[in-house]
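Undergrad: The residues making up each chain are set out below.
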Amino acid sequence: EAQVTQNPRYLITVTGKKLTVTCSQNMNHEYMSWYRQDPGLGLRQIYYSMNVEVTDKGDVPEGYKVSRKEKRNFPLILESPSPNQTSLYFCASSRRDRVLGGYTFGSGTRLTVV
Amino acid sequence: AQSVSQHNHHVILSEAASLELGCNYSYGGTVNLFWYVQYPGQHLQLLLKYFSGDPLVKGIKGFEAEFIKSKFSFNLRKPSVQWSDTAEYFCAALNNAGNMLTFGGGTRLMVKP
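Each protein sequence line maps, in turn, to chains A and B. Going by the numbering used here, the residue at position 69 of the first sequence is 172; the numbering climbs one at a time, nothing skipped. Going by the numbering used here, the residue at position 60 of the second sequence is 64; the numbering climbs one at a time, nothing skipped.
Bear in mind the hints are in silico, worked out from the structure with no lab data behind them. Among the hints, a few may not be true.
[What the hints assert, rightly or not] With a Cα cut of at most 30 Å, we get these calculated BS3-like pairs of lysine-lysine:
1. B:Lys62 x B:Lys116
2. A:Lys174 x B:Lys53
3. A:Lys174 x A:Lys121
4. A:Lys168 x A:Lys120
5. B:Lys53 x A:Lys160
6. B:Lys62 x B:Lys75
Make the full structure from the sequences, and use the hints.
TA: What follows is the structure, encoded as structure tokens:
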């Protein structure tokens, strides 16, 4: 089944403890992206990647890192999480022909930083 | 920079009522517009999309949207809602480069049985 898989689904952590949220897609998509969803703000893009070893900042990149060493994986790294990073995170991927292909979203990771 | 705004944060309707959710965008280039739906506890799913051509776009589950260029709008409609349409709906615009999908703030729809 074609899908975007995120892990974990739920995570509670303490301020300052490094964490990684994984994202993997099995559709051979070139494009991958991370979003955070907050009430009333919709989804805001954190980082995106056009292909392997190519990443760029979205609207809200502060406090996050990403890497794209393989086409299928695009992990989101929080080096020193803070409470304002408590949010619902979505990974998305798309074919190079992004307009027609649309984005496929993962099931989300709900992160709480205490 | 492009932006997308959705006028209604919360909408409550009874079953069989008609639905229209507003969406306005601001972007100077070619517009690619989407509506996504997020059912409780689930990820976003694509309802419909507009790139060019017929401004009236039909999507899944009986939804449609009309692109009105002069009004910078892309409103979502459904003639008769069902309880199962209870969800949050997001309008989004994709930039020309295709690397940034900008979302509106979302509209929570509750349909009372």
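Undergrad: Are B:Lys62 and B:Lys116 close enough, with their CA atoms no more than 30 Å apart?
TA: Given that 30 Å is the threshold and the Cα spacing comes to 24 Å, the pair holds.
Undergrad: Are the Cα atoms of A:Lys174 and B:Lys53 separated by 30 Å or less?
TA: holds, 26 Å
Undergrad: Check the hint pairing B:Lys53 with A:Lys160 against an upper bound of 30 Å on the C-alpha distance.
TA: Holds, at about 25 Å.
Undergrad: Between A:Lys174 and A:Lys121, does the CA-CA distance stay at or below 30 Å?
TA: holds, 24 Å
Undergrad: Keeping to a limit of 30 Å between CA atoms, is the pair of A:Lys168 and A:Lys120 held or broken?
TA: holds, 14 Å
Undergrad: Quick one, are B:Lys62 and B:Lys75 close enough, alpha carbons at most 30 Å?
TA: Distance of about 20 Å is within 30 Å: holds.
Of the numbered hints listed earlier, not one is contradicted by the structure.
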